[in-house]
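*Asks:* Chain by chain, the residues:
2 protein chains.
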Amino acid sequence: MSLKPKVLVIGSGGVGSVTALSLWWRQRLEVTLIVRSDYELIKAKGIEFHSCSYGHIEGWQPHNLSSSVSDAARDYGPFDYVVLTTKNIPDGPIRCEDIVRDAITTGVTTLILVQNGIGIEKAMYAAFPEITVLSGVQLIGSSYENGVVYHRGADNLSIGDFASKENRSSKSDEVMKRFVEIYQNDDGLNEIKIDNDPQASRWKKLVYNAAFNATSALAGVDNTRCQIAAGTDSLIRPAMREIIKIAKSEGVVIQPDVMDVFCHLGDGMFYTPSMGIDRKKGQLMEIEVILGNPLATARANGVETPVLDTLYALLRMVQLDTMEKRGQISIDEKDYAGNSDDYQRIFNDKRHERLG
Amino acid sequence: MSLKPKVLVIGSGGVGSVTALSLWWRQRLEVTLIVRSDYELIKAKGIEFHSCSYGHIEGWQPHNLSSSVSDAARDYGPFDYVVLTTKNIPDGPIRCEDIVRDAITTGVTTLILVQNGIGIEKAMYAAFPEITVLSGVQLIGSSYENGVVYHRGADNLSIGDFASKENRSSKSDEVMKRFVEIYQNDDGLNEIKIDNDPQASRWKKLVYNAAFNATSALAGVDNTRCQIAAGTDSLIRPAMREIIKIAKSEGVVIQPDVMDVFCHLGDGMFYTPSMGIDRKKGQLMEIEVILGNPLATARANGVETPVLDTLYALLRMVQLDTMEKRGQISIDEKDYAGNSDDYQRIFNDKRHERLG
Chain A
3 MSLKPKVLVI GSGGVGSVTA LSLWWRQRLE VTLIVRSDYE LIKAKGIEFH
53 SCSYGHIEGW QPHNLSSSVS DAARDYGPFD YVVLTTKNIP DGPIRCEDIV
103 RDAITTGVTT LILVQNGIGI EKAMYAAFPE ITVLSGVQLI GSSYENGVVY
153 HRGADNLSIG DFASKENRSS KSDEVMKRFV EIYQNDDGLN EIKIDNDPQA
203 SRWKKLVYNA AFNATSALAG VDNTRCQIAA GTDSLIRPAM REIIKIAKSE
253 GVVIQPDVMD VFCHLGDGMF YTPSMGIDRK KGQLMEIEVI LGNPLATARA
303 NGVETPVLDT LYALLRMVQL DTMEKRGQIS IDEKDYAGNS DDYQRIFNDK
353 RHERLG
Chain B
3 MSLKPKVLVI GSGGVGSVTA LSLWWRQRLE VTLIVRSDYE LIKAKGIEFH
53 SCSYGHIEGW QPHNLSSSVS DAARDYGPFD YVVLTTKNIP DGPIRCEDIV
103 RDAITTGVTT LILVQNGIGI EKAMYAAFPE ITVLSGVQLI GSSYENGVVY
153 HRGADNLSIG DFASKENRSS KSDEVMKRFV EIYQNDDGLN EIKIDNDPQA
203 SRWKKLVYNA AFNATSALAG VDNTRCQIAA GTDSLIRPAM REIIKIAKSE
253 GVVIQPDVMD VFCHLGDGMF YTPSMGIDRK KGQLMEIEVI LGNPLATARA
303 NGVETPVLDT LYALLRMVQL DTMEKRGQIS IDEKDYAGNS DDYQRIFNDK
353 RHERLG
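Chains as they are written, first to last, in this note's numbering: chain A, 3 to 358; chain B, 3 to 358.
One or more hints might be untrue.
Derived lysine-lysine pairs resembling DSSO-like cross-links, with alpha carbons at most 27 Å apart [claimed, not checked]:
1. B:K336 to A:K247
2. A:K282 to B:K327
3. B:K282 to A:K282
4. A:K283 to B:K327
5. A:K45 to A:K283
6. A:K327 to B:K283
7. A:K336 to B:K282
8. B:K247 to A:K327
9. B:K282 to A:K327
10. B:K247 to A:K282
11. B:K195 to A:K282
12. A:K173 to A:K6
13. B:K282 to A:K283
14. A:K283 to B:K283
Every beta carbon over 10 Å from chain A, so not counted as near; a handful from chain B, in silico [to be verified]:
15. I230
16. L286
17. P308
18. R328
19. N341
Calculated directly from the structure, the hints in this document are not laboratory data. A quick note: this is a predicted structure, and the numbers were derived from the prediction, not measured. For every residue, glycine included, the Cβ atom is placed at its ideal position computed from N, Cα and C.
Just chain A, with the same shape it has in the complex:
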């Protein structure tokens, strides 16, 4: 590791932008930020922050700005840390392991996934067997639009090694401590801590995400309206209970009182979670990491999950519709003239053909 570590932040939404700013703040490291669709805008005008921690900042630039990971790797690598803050949509056109690939240098890079969901480390282990992959759970409240970031809830990051204690690299503790040192700013501007059981934290966060994200996306309304219409006993809590059951089958015990906390977290706020916003905007949703992976675990462990199965099936239908409308797949009606028992297989075969 160089004396001035190099950190690549991928994803310049609310979370990615504040992460880059937090890292840049004390000038103890070199921050490279990947900006894709708004690259020209940010290159010309920088990012504007309205931040609850850092105040109003205009024209902010990281040390290095790139429009692609391969450009960044060529111009500013190798990176000590790669922080991935994009959405994780393995059923979408780009897989996360392909997003980060060019920025990974075995023996040098530690990968930090600041993303939702369960099982997201597995594709990374398969693609990069030698590197340390850290979980990042970020409790921030932030949003990005057209070069402007609204940062309303403090940057509060927990990191931990996805691998169990016996499977961790000998350098795991060191790379985590080093990242905490370079990330933590003075005067409580942000908060970072090491989490020794990140899988438990992820399952716990999933109790909220699986229930509220799926419900809001399918109903098309914010969390408060969901509760006005149907309370929490009809669907939200039954969905939460199923996540708690799956977690338990993995040895993760979640106290049932977290359900109360989560059901009241947004009291009176009329907040729409990310999956609800994605559906409204016609964007792909994180249905595999938030529902598909936990349900695969449920099947493997013999846990029954009729509520989550129902939500997941509906979300797969919505996702197919979104992919079709975005031109990422096409459904030729004449391919589906025969027996509907075969439709899913036909679809998967055609998709596989196309994606290779």
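Dock chain B against chain A, hints included.
*Replies:* For chain B alone, kept in the frame of chain A given last:
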């Protein structure tokens, strides 16, 4: 009953229009049709039919046309039969018993509900304790728009007394036979039969409706795309099995092979059922008669229905959103600042206040 019976048809969608035409065809009775929003159009130009049975007909008029049930009752009543073909949405602004009220003459009128769902007779018995209420199950394929009816699937109606044999009026058989006589046209132009166990027929039809209507509405795609995305084992069949279980708890035995029939009924057709169309159009959906009432029966009989509970909760959220967007309810965010456990009660109280 007069020698030339008087029949009132309420609802001039695809089903109502073809019903009125079928009844009018042999001129054995006097047909009055209620047309609400398109009254001026139909009054001026009549209805145009593209009918698989009756051919292409332009400028068709029933014997009497009215824009309201009260006008029809005053001008053309009393009616021997009132055939109600509107959607049945007890949580909407107009209840079906209020729609038909002015056309009901006790001792004269038989009411025929050509509508989907379970338990729809109960509100009618409460409002009109003395009359015979018949179930109509219509297997027609038809649609209406701007005065034009496309009639693609033959008019095939089963009628039967909602009341169990021991509770039927002594005139029940006679009024059903008489209706069959006046409804049946020659040369197989239509088909009508008496169904001695209409509750069983309704539960059976509900196996299809509860599963496919709810799924299509929530996913926002047609039935075929639902199956392409997620097959039928993930949601459609589990939902169907729960309806079969509820029916069984009511003494109605449905053979499981109807699930296969229903899952293949629309093979290759890319058909969107009514609830899916309603959601796309931002219209209220028949969620109470298709899901709410069967689930009330499930609760009363101790049947567990996690899949249908999930679908119903989601649909109630969508319905609330639709009501709000249509201005039928309003949600003042400041009323929902407190504890979310109270939200449903607050909403119901406010709604009750407004509806009286």
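*Asks:* Please go over all the hints and tell whether each is borne out by the structure.
*Replies:* Hint-by-hint comparison with the structure:
1. B:K336 to A:K247: This hinted pair is violated, its Cα atoms lying about 36 Å apart.
2. A:K282 to B:K327: With Cα atoms ~15 Å apart, K282 (chain A) and K327 (chain B) stay inside 27 Å; holds.
3. B:K282 to A:K282: holds, 14 Å
4. A:K283 to B:K327: This hinted pair holds, its Cα atoms lying about 18 Å apart.
5. A:K45 to A:K283: holds, 26 Å
6. A:K327 to B:K283: holds, 18 Å
7. A:K336 to B:K282: holds, 24 Å
8. B:K247 to A:K327: violated, 38 Å
9. B:K282 to A:K327: Distance ~15 Å between K282 (chain B) and K327 (chain A) Cα, so the pair holds.
10. B:K247 to A:K282: The given pair, whose Cα atoms are some 36 Å apart, is violated under the 27 Å limit.
11. B:K195 to A:K282: Given that 27 Å is the threshold and the Cα spacing comes to 47 Å, the pair is violated.
12. A:K173 to A:K6: holds, 18 Å
13. B:K282 to A:K283: holds, 16 Å
14. A:K283 to B:K283: holds, 18 Å
15. I230: violated, 5 Å
16. L286: Check passes; 13 Å lies beyond 10 Å.
17. P308: violated, 4 Å
18. R328: R328 (chain B) is indeed farther than 10 Å from all Cβ atoms of chain A, at 14 Å.
19. N341: violated, 6 Å
In terms of the numbered hints stated before, the structure departs from hints 1, 8, 10, 11, 15, 17 and 19, listed from lowest to highest.
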